[in-house]
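Number of protein chains: 2
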Amino acid sequence: MKSRIEATYRVRGTAETIAARAEAIAVEQSVEMPVGIITDRHVRDEIIGRVEAITEAGEGTFDVRISLSAETVGEDPGQLLNMLFGNTSLHEDVTLYDLELPEALARLFGGPRHGIKGLRARVGADMRALTCSALKPQGLASDELAALAYRLALGELDYIKDDHGLADQAKSPFAERVRACGEAVKRAADETGHPTRYVPSFNGHLDMMRRQAEQSLAAGCDTIMIAPMLAGLSNCLLLAREFPELAMLAHPTMAGAARISPVALLGKLFRLNGSDGVIFPNHGGRFGYSPEMCRRLASSALAPWHGLQGAIPVPAGGMTLDRVPEMLSFYGPDVMLLIGGGLLSAGERLTEETAAFAQAVREYSHDRA
Amino acid sequence: MKSRIEATYRVRGTAETIAARAEAIAVEQSVEMPVGIITDRHVRDEIIGRVEAITEAGEGTFDVRISLSAETVGEDPGQLLNMLFGNTSLHEDVTLYDLELPEALARLFGGPRHGIKGLRARVGADMRALTCSALKPQGLASDELAALAYRLALGELDYIKDDHGLADQAKSPFAERVRACGEAVKRAADETGHPTRYVPSFNGHLDMMRRQAEQSLAAGCDTIMIAPMLAGLSNCLLLAREFPELAMLAHPTMAGAARISPVALLGKLFRLNGSDGVIFPNHGGRFGYSPEMCRRLASSALAPWHGLQGAIPVPAGGMTLDRVPEMLSFYGPDVMLLIGGGLLSAGERLTEETAAFAQAVREYSHDRA
Chain A
266 MKSRIEATYR
276 VRGTAETIAA
286 RAEAIAVEQS
296 VEMPVGIITD
306 RHVRDEIIGR
316 VEAITEAGEG
326 TFDVRISLSA
336 ETVGEDPGQL
346 LNMLFGNTSL
356 HEDVTLYDLE
366 LPEALARLFG
376 GPRHGIKGLR
386 ARVGADMRAL
396 TCSALKPQGL
406 ASDELAALAY
416 RLALGELDYI
426 KDDHGLADQA
436 KSPFAERVRA
446 CGEAVKRAAD
456 ETGHPTRYVP
466 SFNGHLDMMR
476 RQAEQSLAAG
486 CDTIMIAPML
496 AGLSNCLLLA
506 REFPELAMLA
516 HPTMAGAARI
526 SPVALLGKLF
536 RLNGSDGVIF
546 PNHGGRFGYS
556 PEMCRRLASS
566 ALAPWHGLQG
576 AIPVPAGGMT
586 LDRVPEMLSF
596 YGPDVMLLIG
606 GGLLSAGERL
616 TEETAAFAQA
626 VREYSHDRA
Chain B
266 MKSRIEATYR
276 VRGTAETIAA
286 RAEAIAVEQS
296 VEMPVGIITD
306 RHVRDEIIGR
316 VEAITEAGEG
326 TFDVRISLSA
336 ETVGEDPGQL
346 LNMLFGNTSL
356 HEDVTLYDLE
366 LPEALARLFG
376 GPRHGIKGLR
386 ARVGADMRAL
396 TCSALKPQGL
406 ASDELAALAY
416 RLALGELDYI
426 KDDHGLADQA
436 KSPFAERVRA
446 CGEAVKRAAD
456 ETGHPTRYVP
466 SFNGHLDMMR
476 RQAEQSLAAG
486 CDTIMIAPML
496 AGLSNCLLLA
506 REFPELAMLA
516 HPTMAGAARI
526 SPVALLGKLF
536 RLNGSDGVIF
546 PNHGGRFGYS
556 PEMCRRLASS
566 ALAPWHGLQG
576 AIPVPAGGMT
586 LDRVPEMLSF
596 YGPDVMLLIG
606 GGLLSAGERL
616 TEETAAFAQA
626 VREYSHDRA
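Chains as they are written, first to last, in our numbering: chain A, 266 to 634; chain B, 266 to 634.
Incorrect hints may have been included.
Stated by the list, open to error - Just so you have them, the derived chain A footprint on chain B, three or more residues with Cβ under 8 Å:
| hint | region |
| --- | --- |
| 1 | 422-431 |
| 2 | 497-506 |
| 3 | 544-554 |
| 4 | 599-611 |
Stated by the list, open to error - What follows is a list of derived Cβ distance ranges for each label pair:
| hint | chain 1 | residue 1 | chain 2 | residue 2 | range |
| --- | --- | --- | --- | --- | --- |
| 5 | A | 556 | B | 323 | 32 to 40 Å |
| 6 | A | 305 | B | 456 | 19 to 27 Å |
| 7 | A | 382 | B | 323 | 49 to 57 Å |
| 8 | A | 304 | B | 630 | 37 to 45 Å |
Hints listed in this document are in silico derivations from the structure and should not be mistaken for laboratory results. Backbone N, C-alpha and C fix where the C-beta goes; we use that ideal spot for every residue, glycine too.
Full structure from sequences and hints, please.
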């Protein structure tokens, strides 16, 4: 059982320089001062970062595993990120590649409150993939977004989320939008019999997000979206604790994934801090993640980890209806497929296209994969 | 007078591909859907991002200037960052290079509440550079940190800040540390007659930071440090509004400066959201910023900008006493010099070394530069 935090950095360097560079990172991420002048035995023995392993990773890079005292984190998620990558994020030759935590710390944070099981239960889904779409574009009025939500919900999607660009803007203020869209989706769900959920997107400071949580609950929502890198991980976890009835989907905006591996940030840190689902750019869409990266990210979000529930992977970013079988074959049933613009492109046939999406997922047999 | 937000991205590309790439970024950072299917006139005319200019920037890169409707931001700093760089932060070929705002938006956020003038007034300094050091290493007990603070304060520094790794840890809980260090620095200030300030470092979620603000005020502190990329910009600005008596120094941890130009993030966005001073890694220290980058960052934090006060540049990161004249010549008097480990290395002679630092800054004549 590990008692220390372990961060693995992928570092550009040479065989001659990497040992010294690894030591410098270990110092930067812990005491951040010349170690020779530290006299305190506890600091020397426990607090200074330790280089545990250095392995070649190809293409002029090395994986440097450094352990840090869990004591340096206390109980705060933001401080965990600070210890894992804070000042080192300012160095161009390093990415945070992976992390591991003591079980006690993982359990303290608690991870997903609802997880895949909770997200399936909300929409009465068996062991199948879930479906999702997005309300766009920003700049529409609340009633126009609600009309769109209604037409999407008639297609019997599982989840309909706000675009992450929808915030608390004059054209569709949060309180007005959540009422209008919540009501529209509820009305469609009553007609179809499928309990489609509307997922409002939170923004702003903690008190704003608390108000948004209250307004979401009042509008009958039980699932919301949050952007952890904008909100701050500490605020995310606090919301998960204060509103245990709300499931949270994490949006990757500002996740700067080129500097932190999505496997570590989305698959582990977002999950750790209460995200029940993690949205990420699927391979072959508008973003540059490789299939291998997507597979590792999904595995990371789902893998057994200190007894935490799994967070459902939500591949997105330019997906289309014709890719549904391929994505289901790739990810298996533990996935939520998110198609936004690809459905909206259907114009007048939006509900029909949406229904085809929902049906394709419901009827896909994972046995044949 | 600009009415739209302008973001400048530095994009890797070729003359053949850059126009299409620029359009794709403009769409990603605004409506995030195929524009051909958008029928709403307001969205088409105002909300879709506009490519305003593309210019070659050398070494296979282009500067792409895109304007966005201020309406998309509403009144929230986190949403501003979301609109400026959110999803595009996931693309490896783009950095956010610069930004410009409508004056109304800048004034709404308000920038530094105290600025350079306020930070000079607190320590009775004329038109000279300010001095600062840091309490380290983490892992020391509160009374040990307080003893260190006392010895630094006897050297008549202007500001003594917590290391950004000091949070709310068992070894030096925030409440205990702020009382002990606040008292120690006050005692030293009474002895020397120089009003040295202790600057505690905030961490955690918004409610924790509010408690830390109350505890800081109770301990006689009027200046604090915050890490905007951990706290969330929205929470930073709210704290600046709720505690107008506290001056805020911004720490760059997790600022991932390789993906957002420090000029834009530290010099503009941190300042915009209430930071009175911005700490950054000086050239020639442990980090890779160039002299040119440091000069541009300092200029950006100080430049006239929509009537906001200037934020004082705080170069740091491995600075030493022998560099003081060079740094003062480089930055002029509108600067706070921060030397941490370089002073702590003096061991038994800590107070004498600190006094030499404070004196070197006080006696430097900017006329000769």
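Status of the hints after comparison with the structure:
1. Counting residues of the region 422-431 of chain B whose beta-carbon sits less than 8 Å from any beta-carbon of chain A gives 3, enough to reach three: the coverage restraint holds.
2. Three residues within the 8 Å Cβ limit are the bar, and the region 497-506 of chain B against chain A gives 6, so the coverage statement holds.
3. Residues of the region 544-554 of chain B with a Cβ under 8 Å from some Cβ of chain A number 4, which satisfies the need for three, so the listed coverage holds.
4. Three residues within the 8 Å Cβ limit are the bar, and the region 599-611 of chain B against chain A gives 4, so the coverage statement holds.
5. Residue 556 of chain A and residue 323 of chain B have their C-beta atoms about 34 Å apart, which keeps the hinted 32 to 40 Å range intact.
6. The hinted window of 19 to 27 Å between residue 305 of chain A and residue 456 of chain B holds, with their beta carbons roughly 26 Å apart.
7. Distance hint for residue 382 of chain A and residue 323 of chain B: a CB-CB separation of about 53 Å, consistent with the stated range 49 to 57 Å.
8. Distance hint for residue 304 of chain A and residue 630 of chain B: a CB-CB separation of about 38 Å, consistent with the stated range 37 to 45 Å.
In summary, this structure violates none of the numbered hints.
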